[in-house]
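Trainee: Those protein sequences? They're chains A and B, same order as listed. Residues in the first sequence are numbered consecutively from 1, following the working numbering. Residues in the second sequence are numbered consecutively from 1, following the working numbering.
Treat the hints with care, since some could be wrong.
No distinction is drawn between identical chains; accordingly, a pair holds when it is met within one copy or between any pair of copies.
As the list claims (entries may be wrong) - With a Cα cut of at most 35 Å, we get these calculated DSBU-like pairs of lysine-lysine:
no.: 1; residue 1: K372; residue 2: K165
no.: 2; residue 1: K85; residue 2: K61
no.: 3; residue 1: K85; residue 2: K23
By construction, these hints were calculated from the structure, which means they are not laboratory data. Note that the coordinates shown come from a computational prediction; the quantities given were computed from them, not determined experimentally.
Residues per chain are reported as follows:
Number of protein chains: 2
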Amino acid sequence: MDMDSSLPSAYEVTTHPGIQSLKPYVPGKAIEELAREQGLTDIIKLASNENPLGCSPLAKKALDQMTVHQLALYPSPLNHPLYDKLAAQLGIDRRHVILSNGSDFLFWYLLTVLALGQDKCMVTHQFAFSTYAIQAQTLGIPFITIPVDKNYGIDIDAMLMTCQKHAVAVVFIANPNNPTGVLTSKADILRLLEGLPRTTVLVLDEAYHEYAYPQGDSYSLELQRRFPNLVLTRTFSKIYGLAGLRLGYAIADPAIIELLLRVQLPFTVNQPALVAAYAALDDFAFLERTIVLNRMGLAQMREGLDTLGVNYFSSHTNFLTIDCGRSSIPVYEQLLSQGIIVRPLIPYGLMSHLRVTIGTEAQNERFLKQFKRIIQD
Amino acid sequence: MDMDSSLPSAYEVTTHPGIQSLKPYVPGKAIEELAREQGLTDIIKLASNENPLGCSPLAKKALDQMTVHQLALYPSPLNHPLYDKLAAQLGIDRRHVILSNGSDFLFWYLLTVLALGQDKCMVTHQFAFSTYAIQAQTLGIPFITIPVDKNYGIDIDAMLMTCQKHAVAVVFIANPNNPTGVLTSKADILRLLEGLPRTTVLVLDEAYHEYAYPQGDSYSLELQRRFPNLVLTRTFSKIYGLAGLRLGYAIADPAIIELLLRVQLPFTVNQPALVAAYAALDDFAFLERTIVLNRMGLAQMREGLDTLGVNYFSSHTNFLTIDCGRSSIPVYEQLLSQGIIVRPLIPYGLMSHLRVTIGTEAQNERFLKQFKRIIQD
């Protein structure tokens, strides 16, 4: 057996090379786990960019009204009115939409239909959300990672050159990017789309889109209509505060949606997710409260960090990626010991950076106070 | 573009041959859909083998107690106490268990780690749950379908011969089988395990296990300990009545679990599923009620069908597969017009069969009454 794990005695299981070098996902520290380990009670988690307000009260109310019989029925997402409501809010035809169990499953399905078994590769960039590359590796799809430019921005020229030189099925970009928070400009996205071969699909992962464009939708839907090889993915996990329910969606040309529907398992989206998202779409007051809290929180955090002379990436999201100016791990651990969970970015090769979710005013204050104590120590 | 769907103008997307011949999943008729189409109000769905009692009241109570903040947090299944509780109830070490979004995702992950990119194939049998073959096709993994014997049972000898002749990564069997309800004997499973090459994994899909062994667990856990190449999958969708929440699990050698953890997306299981299943495991009264209702319902349905002289497969599940003795479609459609949704099995090549879920006493009676009227017409 050519891998770490091994079956007893004479049994032998093999796997393809991509999986041989993968490690199981190590989840971020959970609140209950930290409580157990350190005997702490008042723990705040600023590690996974969840909504500090929780989810929409309308969504919670709709969930509470579900009956034991609804819970027992297989979900039938394609028959659910959420499809039409979401499409109507986006101002698009529902044939351009597919719902999925989180947007991460859509990346997997996109790689499966566009690249698997075709001697084609995936392209992404340095400091991109790591799941793109992990999923390509799982499926045995080769991938190329383009270094960022000196401002941590995407090097569009290098990306285009790579797409001319190789058979590239799909390019993945998060905009704004996670874990840096950096926004790619409309001009750059447009230049990329205009230069891409017409056989290459661009996936724009817009998980943080609503934070970057709080006034309403951006230009990307319009670009999607113009460029059928553009796929947008979005999520109910962030601004809608429904990360626990797992619901993401893609906006794409109907031909691509149809391919995704061929391979997507039929019951991927659960009933509570459909019910909660349907209600959440009406809760404009909750979205507004979230945006205001986040804007104020970002200002509060920036001000606090500026006072300390600490650098951070310019963020268009609900998190700040901070350069500790030294190895991040001791800072992370000292924060943990104070009951504050944040995200070190070692797996990204960002050795001195911590990603910190914008919390409530009190949570931000608590973070800033402890962070100050630690780095001035 | 070598497929049905097509992108506009000069854009071109290709996909591998397995996906080219797949069709999007057509969901069974939903209650709301039928209501809309036929203007009916009192509709019963006996099409997807859901629990007619709904889910456990303890599970519902636990769900109602979830806060907006819990709903907003990413699930962390590996840190959730459900793992330990489930393993303890099964009497196994938790390293032998993996939770997943329904057991269907586990089939996909098993195919990915065991067969993808290795020039190995998958083996299943005629009338097996169709998702095994669909998922192999999606991943471009060749598969071989073994015809059943004259009693619709699995032809173990033919299966063993195939596994000797070909490089078979994995064999999929549902026990009891869906959609026929037929149970494979312990002797046959043992003979298969003893004859399989030690490089071949047997996946026993035990979605209906608790209906077949209502007195408690069967021999399969014991066989799993003896044969590290045996993987069992089970679900909370059937007897626990949580199909809407999407939770399944596998029991396997830790080496295989470790491989699955490498490739499984980290947030596949949602928070409500974890919370509900944790509570449901304590609700022995609900399980007992479900088993009694199903036993009585099966007897009621068999008696009704015997009176009509209608044949059916001997079932060890919560459904009966009935031979209408004529094309099933007109019968299915007449039942629909009476507000009764059942499942025709045309895609399985069973042209005269309907799969009917055992419902409440009143639902079974209503089905029998309408079915009698239709076939005596």
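Trainee: May I ask which of the numbered hints given earlier this structure violates, with the numbers listed in increasing order?
Mentor: Violated: hint 1 alone.
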